[in-house]
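Chains V and B, in that order, are what the protein sequence lines are.
Residue 51 in the working numbering sits at position 58 of the first sequence, and the numbers go up by one each step.
Heads up, the working numbering is the position in the second sequence plus 27, with the first residue counted as 1.
The hints are simulated quantities; they were obtained by calculation from the structure and are not laboratory data.
We put the CB at the ideal spot given by N, CA and C, even for glycine.
Be aware that a few hints might be false.
Incomplete in silico selection of chain V near chain B, CB under 10 Å [what the hints assert, rightly or not]: (1) Gly14; (2) Glu24; (3) Leu28; (4) Asn61; (5) Pro68; (6) Gly75; (7) Arg107; (8) Cys109; (9) Glu110; (10) Thr111; (11) Asn113; (12) Phe214; (13) Pro215; (14) Asn261.
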Amino acid sequence: MNTTTYLCGHKIDNPIIPASGTFGFGQEYREMYDLNILGAISIKGTTREARFGNLTPRIAECKAGMLNAVGLQNPGVEAVVGHELPELAKIYRKPIIANVCGFSLEEYVEVARRMCETDNVGWIELNVSCPNVKHGGMSFGTDAGCAAEVTSAVKAVCSKPVIVKLSPNVTDIVAIAQACQEAGADGLCLINTLLGMRLDLQKRRPILANITGGFSGDAVFPVALRMVYQVAKVCRIPIVGCGGISTARDVVEMMMAGASAVEVGTANLINPYACRDIIEDLPNVMQRLRIDNLTDIIGAAL
Amino acid sequence: MNKGIYQVITNEQLTETVFRLSVAGDTQAIQRPGQFANIAIDGFYLRRPISVCDYDSNSITFVYKVVGEGTQALTRYTKGSSLDIIVGLGNGFDTEVNCRKPLVVGGGVGIPPLYRLTKELVAKGKKPTAILCFNTASEIFLHNEFAKLGIEVAVATIDGSYGTKGFYSDAIVRHNIEYDYYYTCGPQPMLRSIHATLDVEGQISFEERMGCGFGGCMGCSHKTRSGYKRVCTDTILKSEEVIFDEH
């Protein structure tokens, strides 16, 4: 059983990648299993300056999912490049995916350039889809023109593959995906979280201090799958499928819809061994479905 | 940290809303009093973080309050049923501090983690005094268990239906309690008052809505004098680190 796949020209051992924001900079998971079994790791979204993020509560439970409104808490790009990535390199010897966020075009470019200069960064994941910050993040990813502009600006300073992480909170994700492809994106990651909210019935107020948050978890899988399928129909660049993946079966389904690799997010929070469990089970699922090479099924359903 | 399947031994009601759950399984991951476990409940997406009240080599006791649908569902687990639990989470209380007469102040469902703490303080030869605070007499739990540790235990109820009428501070005055350090867990206004009022150092246990419980999601961050910390990994702060502003 061959689980190897390719992400923008880089060969990875398997398609399982912990999603940004659910895996920190790897340290919280180091005691749980050998991180080197992972296909890659997408690190916590990084901005130019350190950010505390939003006030708490930042988390609200939903049926078959959860809301988060963390708000891009991170130590800033210099601390990530100078401390977090070298620390991660001590326990993880493969290239990582640097998730880059910003509040202006210049910030995206600057953070991406710094990340690109760093040895263990293999890919840039341009996060134009964070729903939990004002005047940044998702506001770049909900307009095809803006998404294309930030993509080409980052591409101009990056020699490494740039994967644009798209928001599902749009009318036509295909148009935005196409705009990013035309602007030079090497890959696409979809989807980021869906905008949602919950109320505290006692207080008659939103649970989240930020009022709204990003919905993720099992419940969003069909939405993510549908968007990956629609985008894969028309785009030629590789897609990382993300949204509600928690089993090896989900991985196969997402790849049949057109994904070359997948990101596993919220599942890590409920079962810290989720990625390990999926990687261990993947060959069993492949055997049952008579899949010898995982790359054979990419886009099989298209 | 250990994730495992634990068998329910008992799950008994102590008061109208408080239950005592004992489970059998591996407890080696528990290092300190004041740590918590994250319990998966069928039909609920996120685990429920519950502090460890006591444990031995092969069982853990939790005392939890029904505050919503998830904890309500937890009451329906009976002897012999199994629960998927992650144990050994949080930093726990530091009992290696230089003090002789620590004051242990618990409010409501903040009391359970202080039981194991007090037990360990006694075992270390300290002379703790516990103040257990409740709204009213019918809500009192764990009073006998604390008393059996052979320490002075004061109870305060807001309505005066049992013990001292009022708050922890009224109990200190009434019993003329002497202390040279404190440990506390309970509702935020009580923690804030203790932090602002008591003239000794101490340790304060916090709670927050959590995503993962082990530091992966940044869902429960708070600001401290020693930087941004996560309630799940740094549940208990030294008083000198604590900042109550903004919350």
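Hint check:
Because the beta carbon of Gly14/V sits about 7 Å from the nearest beta carbon in chain B, less than 10 Å, this interface hint is met. Taken as an interface hint, Glu24/V checks out: its beta carbon lies about 7 Å from the nearest beta carbon of chain B, inside 10 Å. A least Cβ separation of about 13 Å between Leu28/V and chain B goes past the 10 Å threshold, and the interface hint is therefore violated. The restraint placing Asn61/V at the interface with chain B holds, with a minimum CB-CB distance near 6 Å, inside the 10 Å limit.
Checking Pro68/V against chain B by beta carbon gives a least distance of about 9 Å; that is within 10 Å, so the hint holds. A cut of 10 Å between beta carbons decides the hint on Gly75/V: the least distance to chain B is about 16 Å, and the hint is violated. Against a cut-off of 10 Å between C-beta atoms, the interface hint on Arg107/V is violated, since the closest Cβ of chain B lies about 21 Å away. Hint status for Cys109/V: violated, given a least beta-carbon distance of 25 Å to chain B, over 10 Å.
With its C-beta approaching chain B no nearer than about 26 Å, Glu110/V sits outside the 10 Å limit, and its interface hint is violated. With 10 Å as the threshold, the beta carbon of Thr111/V stays out of range of chain B, its nearest partner Cβ sitting at about 22 Å, so the hint is violated. Interface restraint check for Asn113/V: the shortest CB-CB distance to chain B comes to about 20 Å, outside 10 Å, so the restraint is violated. For Phe214/V, the shortest C-beta to C-beta distance to chain B is roughly 13 Å, which exceeds 10 Å, and the interface hint is violated.
At a threshold of 10 Å, the smallest CB-CB gap from Pro215/V to chain B is about 16 Å, leaving the interface hint violated. Because the closest C-beta pair between Asn261/V and chain B is about 6 Å apart, less than 10 Å, the hint holds.
This entry does not satisfy hints 3, 6, 7, 8, 9, 10, 11, 12, 13, going by the numbered hints stated previously.
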